[in-house]
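Undergrad: Chain by chain, the residues:
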Amino acid sequence: MSPALLLPLPLVLPFIIAVFAFLFRKGPEGRWISVIGSAISLIAGVALLIHVLQNGPVATQMGNWAAPFGITLVADTLSAVMVVITGITGLAVAIYAVSEIQPEQEELGYHALFQTLLAGVTGAFLTGDLFNLYVWFEVMLIASFGLLVLGGTKVQMDAGIKYVTLNLISTILFLSGIGLLYGTTGTLNMADLHYTVQDADPGLLTVIATMFLVGFGVKAAVFPLFFWLPAAYHTPSFAVSAVFAGLLTKVGVYAMMRMFTLVFTQDVAFTHTLLLWIAVATMVTGVLGAAAQTDFRRILSFHIVSQIGYMVLGLALAFQSAFALMGAIFYLVHHIIVKANLFLVAGVANRIAGGNELSKIGGLYKGAPLLGFLFLIPAFSLAGFPPLSGFWAKYVLVKASLDIELWWVAFFALAVGLMTIYSMTKIWGSAFWKPHPDGTLPALSDMPGDDRRALIVPIAGLAVLTIIIGLFPEEFIEVATRAADELLDPTAYLTAVLGDPPTTGSPEVPTE
Amino acid sequence: MELFVPIMVGVMVAAAVYLMLARNVLRFLFGLILISNAANLTIFASGGLTPEAPPLIAYGEAAPPEGVANALPQALVLTAIVIGFGLFAFALVLVYRGYQNLGTLDSDEMRLAEPLEDGKEAAK
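Chain order of the listed sequences is V and Z. Under my numbering, think of the first position of the first sequence as 441, with each following residue one higher. Under my numbering, think of the first position of the second sequence as 1119, with each following residue one higher.
The set of hints was computed from the structure by calculation and includes no laboratory data. Every residue, glycine too, gets a C-beta built ideally from N, C-alpha and C. Check before you lean on any hint, since a few could be wrong.
[Claimed, not checked] Footprint (simulated), chain V over chain Z, 3 or more residues, beta carbon under 8 Å:
no., stretch
1, 1147-1155
2, 1189-1197
3, 1203-1216
4, 1227-1233
[Said to hold, decoys possible] Not close to chain V: a few residues of chain Z, all C-beta gaps over 12 Å, as computed:
no., residue
5, Ile1125
6, Met1126
7, Ala1133
8, Pro1172
[Stated by the list, open to error] If you want the ones that stay clear, here's a sample from chain Z, every Cβ over 10 Å from chain V, calculated:
no., residue
9, Phe1122
10, Gly1128
11, Val1129
12, Tyr1136
13, Leu1137
14, Arg1141
15, Ala1171
16, Ala1176
17, Tyr1177
18, Gly1178
19, Glu1179
20, Ala1180
Between the sequences and the hints, there should be enough to build the whole structure, so can you do that?
TA: In structure tokens, the structure reads:
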């Protein structure tokens, strides 16, 4: 297939599915449309990844307006990998939702919102235009607002207000940054920006870069901008919080990776040192916050924050060590799978043990050993046990920081890993090991067979994926290395978008 | 004009931040409108303010004549206004529903999702 078809397909499909899922929302057809549609989107994503791996970065111009004037869709290895991982998470959560989402929520349009969210996330990964990125952020946000408050309980309203208001501020900062960047350079095409920023005033660019950093930082939930996340992620249904946990913050990290390797490289000593401090502070505060919590999902929410720190760390060290950037990309993929999986496990625990507050549940190991096993895999992976995916992700980042002799960074990365184990054993000890306070024995067979299958299949699938990445890391490392190399030397990306690079200065910009 | 617009943006942002620091969520929302319009004005001004001619392309031509306003920021601002309006409408309904459900607009009293530990009073 040609890139003109391959690139928009993973983006258009979820929208089409959303329409049909909405039309059939009153019956059971809607949820199956969502499941089958997610599978088709995943296939489209895989086709794109295969194409990119064979032919290098591809781009296509929407409406046949040549870059840098039109809207460009572009996929390099990183974008394509992110699209595939979005497809995987989308499919897993769509299957899970078959059992979890109640008909009342379906009737309000749950599946349509869910597919729109996936479309927004995919769009953000594929666009090559900064303003278009803003639009995809908004698509994603408005869908996530809807999903977050669907059900309308008091707790959700409370969480929704905090989530909505803080995310809107970040969007406005991002938008102002776009305005200033356009005023400075006269273009919003990311590839074109790579050239035009070289002629711009570096001081002003650093100011704009900081605005982007704060805007994306709120989205990615880095220190000290993460407060909305643990306030909100434990309130919606489990399917929703799993897809939020897996994908939403990662879009912020992706946007940072893209902008701070392609465009804002004029003052690495300032911006990337700032990123390094943010990364370490994020890791530490996240894990300490988790230690203070006693709710299954709130512990996991704080761990999202903590893990975001590792990814930002890889980005911060990118210009000192390509190995670190590779680690960040590997971490991104590993984290999406593992974290979404843990939230899904929390959902099953809630269903059979009757809650998420650790003091009020228990006995899951005795009653549901399979669930215990399926919890241990992502939990150990999160903490970085070999031979699971998290071990390699952490290993690469720690080795990269040791290679460039940042001993203290390596120390914090390892210490935070240790603290992660502490939180995971806390969940294990209370929810799984100790007997249930009511004296009951929760078991998977308490649920009807159909429900059980719909809940366990995605959890088991994601767990198998974690093990595969852990046991055969070479292939994945190879792809991540390639993605990192493309970020650090964007020649292929630039050529795909703009054609042959201009020999002198900036390409023609529209006259004002 | 060139100087007047940035000053106006500055005043709007200052007023918006003042409003957003309030505990009352409704005031926060008003601040949000102001700051989002300040962002829109920033984009508008960053395209360069040309008081001459509208960016119209004559029939059969591929490009407008010299000296017309830059149409791109206007298109961007239009998009941003529409999106901002949609989001604001949602936020307003959300806050209203929140007020109905929680019975308060004071953000300090919104502690349902993050309850205080036992034995501690909310800071007044």
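Undergrad: Next step is simple, just say for each hint if it's right about the structure.
TA: The hints, checked one at a time:
Residues of the stretch 1147-1155 of chain Z with a Cβ under 8 Å from some Cβ of chain V number 4, which satisfies the need for three, so the listed coverage holds. Requiring three or more residues with a Cβ within less than 8 Å of a Cβ of chain V, the coverage given for the stretch 1189-1197 of chain Z holds, as 4 such residues are present. Counting residues of the stretch 1203-1216 of chain Z whose CB falls under 8 Å from any CB of chain V gives 8; the rule of at least 3 is met. For the stretch 1227-1233 of chain Z, the assignment as covered by chain V holds, since 5 residues bring a beta-carbon within under 8 Å of that chain's beta-carbons and 3 suffice.
At roughly 16 Å, the least C-beta separation between Z/Ile1125 and chain V is larger than 12 Å, which holds for a residue marked as non-interface. With a least CB separation of 14 Å from chain V, Z/Met1126 remains clear of the 12 Å interface cut-off, as annotated. Every CB of chain V is more than 12 Å from the CB of Z/Ala1133 (nearest about 14 Å), matching its label as outside the interface. Every Cβ of chain V is farther than 12 Å from the Cβ of Z/Pro1172; the closest lies at roughly 14 Å, confirming the non-interface assignment.
Distance to chain V confirms Z/Phe1122 as a non-interface residue, since its nearest Cβ pair spans about 16 Å, more than 10 Å. Every beta carbon of chain V lies more than 10 Å from that of Z/Gly1128, the smallest distance being close to 12 Å; the non-interface claim holds. Every CB of chain V is more than 10 Å from the CB of Z/Val1129 (nearest about 15 Å), matching its label as outside the interface. Look at Z/Tyr1136: its CB is around 14 Å from the nearest CB on chain V, clear of 10 Å, so calling it non-interface holds up.
Residue-level check passed: Z/Leu1137 sits 12 Å from the nearest beta carbon of chain V, beyond 10 Å. A cut-off of 10 Å between C-beta atoms confirms that Z/Arg1141 is not in contact with chain V; the least separation is 12 Å. With a cut of 10 Å on Cβ distances, Z/Ala1171 stays outside the contact zone with chain V, its closest approach being about 13 Å. With a cut of 10 Å on Cβ distances, Z/Ala1176 stays outside the contact zone with chain V, its closest approach being about 17 Å.
With a least CB separation of 20 Å from chain V, Z/Tyr1177 remains clear of the 10 Å interface cut-off, as annotated. The Cβ of Z/Gly1178 lies farther than 10 Å from every Cβ of chain V, with a closest approach of about 19 Å, so its non-interface assignment holds. For Z/Glu1179, the non-interface assignment is confirmed: its Cβ lies about 15 Å from the closest Cβ of chain V, beyond the 10 Å cut-off. For Z/Ala1180, the condition that its CB be more than 10 Å from all CB atoms of chain V holds, with the nearest at approximately 12 Å.
Consistency with the previously given hints is maintained throughout, with no hint failing.
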